[in-house]
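Same order as they appear, the protein sequences are chains B and D. Counting in the numbering used here, the first sequence runs from 188 upward without gaps. Counting in the numbering used here, the second sequence runs from 34 upward without gaps.
Be aware that one or more of the hints could be misleading.
Stated by the list, open to error - Heads up, simulated SDA-like pairs for lysine to any residue below, C-alpha to C-alpha not over 20 Å straight-line:
{"#": "1", "chain 1": "B", "residue 1": "Lys289", "chain 2": "D", "residue 2": "Val225"}
{"#": "2", "chain 1": "B", "residue 1": "Lys289", "chain 2": "D", "residue 2": "Arg246"}
{"#": "3", "chain 1": "B", "residue 1": "Lys289", "chain 2": "D", "residue 2": "Pro146"}
{"#": "4", "chain 1": "B", "residue 1": "Lys289", "chain 2": "D", "residue 2": "Glu83"}
{"#": "5", "chain 1": "B", "residue 1": "Lys212", "chain 2": "B", "residue 2": "Gly234"}
{"#": "6", "chain 1": "B", "residue 1": "Lys289", "chain 2": "D", "residue 2": "Leu104"}
{"#": "7", "chain 1": "B", "residue 1": "Lys289", "chain 2": "D", "residue 2": "Val145"}
{"#": "8", "chain 1": "B", "residue 1": "Lys353", "chain 2": "B", "residue 2": "Ile300"}
{"#": "9", "chain 1": "B", "residue 1": "Lys289", "chain 2": "D", "residue 2": "Tyr162"}
{"#": "10", "chain 1": "B", "residue 1": "Lys289", "chain 2": "D", "residue 2": "Pro170"}
Claimed, not checked - Residues from chain B shown here face chain D by an in silico Cβ test under 8 Å; the list is partial:
{"#": "11", "residue": "Asn245"}
{"#": "12", "residue": "Leu247"}
{"#": "13", "residue": "Ser251"}
{"#": "14", "residue": "Thr267"}
{"#": "15", "residue": "Ala270"}
{"#": "16", "residue": "Ala274"}
{"#": "17", "residue": "Met278"}
{"#": "18", "residue": "Phe280"}
{"#": "19", "residue": "Asn284"}
{"#": "20", "residue": "Gly298"}
{"#": "21", "residue": "Arg301"}
{"#": "22", "residue": "Leu305"}
{"#": "23", "residue": "Lys353"}
By construction, these hints were calculated from the structure, which means they are not laboratory data. The model shown is predicted, which means the values in this text are computed figures rather than measured ones. Don't be surprised by glycine CBs; every beta carbon is placed ideally from N, CA and C.
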Amino acid sequence: MTEPGGRADTVVSLEGVTKFFGALKVLDDVSLAVGRRERLVLIGPSGSGKSTLLRCVNGLEEVSGGRVVVDGMVVGDPATPMARVRAEVGMVFQHFNLFPHKTVLENLTLGPIRVLGLSRVEAESLARDLLSRVGVPEKAAEYPARLSGGQQQRVAIARALAMRPKVMLFDEPTSSLDPELVGEVLDVMRRLADEGMTMMVVTHEMAFAEDVADRVIVLDHGAVVEEGPPQRIFSNPGTPRARAFLTRLLARSERHRRERS
Amino acid sequence: MDWVIIRDNAALLLGGTVTTIELALAAFLGGTAIGLATAFARLIAGRDAELGLKAAVDVVRGSPLLVQLLLVYLGLSAIGLPLDPVPAAVVGLSINAGAYLSEIFRGGMAAVPRGQTEAGLAIGLPRLYVLGSIVLPQALPVVVPAMIGLFIGLLKDTSLAYVLGLLELTRMGKNVMDRTLQPFEILIAVAVIYFVLCFPLSQLVRVVDARMRRSGLAQARL
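Please take these sequences and the hints and turn them into a complete structure.
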């Protein structure tokens, strides 16, 4: 590969990324490229390195070896300001992580004002627009604690979108939600996918992966063990471990679907 | 018992009280600045700097304030940095308070869930801004009552500035006592003045603590 990021339509690429936590190898020589408008879903047993992989993309974790390139910028390179990388990469967390001492509107305007240099008026109009898009326009003046989990996560998605990112990372966005609130968050994510957002999603929601993903990656012990379109991965996994893991996951997801309907 | 002596010397004792309050406020401000800077530096700095700062905090917390005051006043003048008693007392008390306050700030901020820092960083905010505007405000329900508690201690600790010849409340009491030769009445009066300053503050800690626990801020942190 000659220039960072390879092909011009690659938004995120990991090139031989290795990550250690102390002596523990969490990511083992992972290479992958995410194209513009691609929806990549990452699955794998807990501890397989999915979250760590996402966190390497926006520099919340520093890679131990290899490199991560976002839109031509090498993450962690002293020549690339981290704020620029992070402004282009939106992240949605399992536990929402809204700022509890700020209103919903302030949560959304903080980044655009402080990092992108928007005026308050511009930032607020952008924020209200996004709150409408995620279906909570009436919550602008509320504090996060007064919102349901599903509403909080939708606001968190809006907060990330307010930075006008080129790619969105979702780290188990529905895992800490009550089952009846999962749907509203997935709906927002589906709509985002339809609008052409580039997405990297760590999730256990197999139905979502099947509907939305262009490509599914199965991680195990920090390495990519399966990769392909969801239909093939789910119906005919190649490795026994992936097969065992997917069987368990699909059964659980089927049970959830039954419970929900 | 001759309590008239108190009334006759009330102006002097009040003057000393004012000095004590001024000293405590100055050291509290200085200590807050030192404490915030130290706490932020420890949370941002690399491992080596963090260990160095931790060692400095431990040394200040692990040695007597009286020795620190003498060190600032006499020690510094011995190496060519003479300070007047008032600045020396303010510097010494500020450093001492700063060491304790830095632990209050650091502990309070460490108790704020890590996801808050990550969420701030993830939208591109600088680390210092995240600490100051996102983490620190959420630490206040823990930090503010502890700060008031520290100020109470500081008010009483200013009495050690006595050894620098500073005319704060205790020294003023001593002077009056030397002149009137009635130590019992004077010392009781001095103690009562300290108590009158400190007791309302200790009640304030309770009120603030209870209020902050009830407020949405404290709840949202859980």
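Hints versus structure:
no.: 1; hint: B/Lys289 - D/Val225; verdict: 44 Å, violated
no.: 2; hint: B/Lys289 - D/Arg246; verdict: 17 Å, holds
no.: 3; hint: B/Lys289 - D/Pro146; verdict: 16 Å, holds
no.: 4; hint: B/Lys289 - D/Glu83; verdict: 30 Å, violated
no.: 5; hint: B/Lys212 - B/Gly234; verdict: 11 Å, holds
no.: 6; hint: B/Lys289 - D/Leu104; verdict: 45 Å, violated
no.: 7; hint: B/Lys289 - D/Val145; verdict: 15 Å, holds
no.: 8; hint: B/Lys353 - B/Ile300; verdict: 18 Å, holds
no.: 9; hint: B/Lys289 - D/Tyr162; verdict: 15 Å, holds
no.: 10; hint: B/Lys289 - D/Pro170; verdict: 10 Å, holds
no.: 11; hint: Asn245; verdict: 6 Å, holds
no.: 12; hint: Leu247; verdict: 6 Å, holds
no.: 13; hint: Ser251; verdict: 16 Å, violated
no.: 14; hint: Thr267; verdict: 12 Å, violated
no.: 15; hint: Ala270; verdict: 4 Å, holds
no.: 16; hint: Ala274; verdict: 4 Å, holds
no.: 17; hint: Met278; verdict: 4 Å, holds
no.: 18; hint: Phe280; verdict: 6 Å, holds
no.: 19; hint: Asn284; verdict: 4 Å, holds
no.: 20; hint: Gly298; verdict: 4 Å, holds
no.: 21; hint: Arg301; verdict: 6 Å, holds
no.: 22; hint: Leu305; verdict: 13 Å, violated
no.: 23; hint: Lys353; verdict: 13 Å, violated
Checked against the numbered hints given earlier, this structure breaks hints 1, 4, 6, 13, 14, 22, 23; the rest are met.
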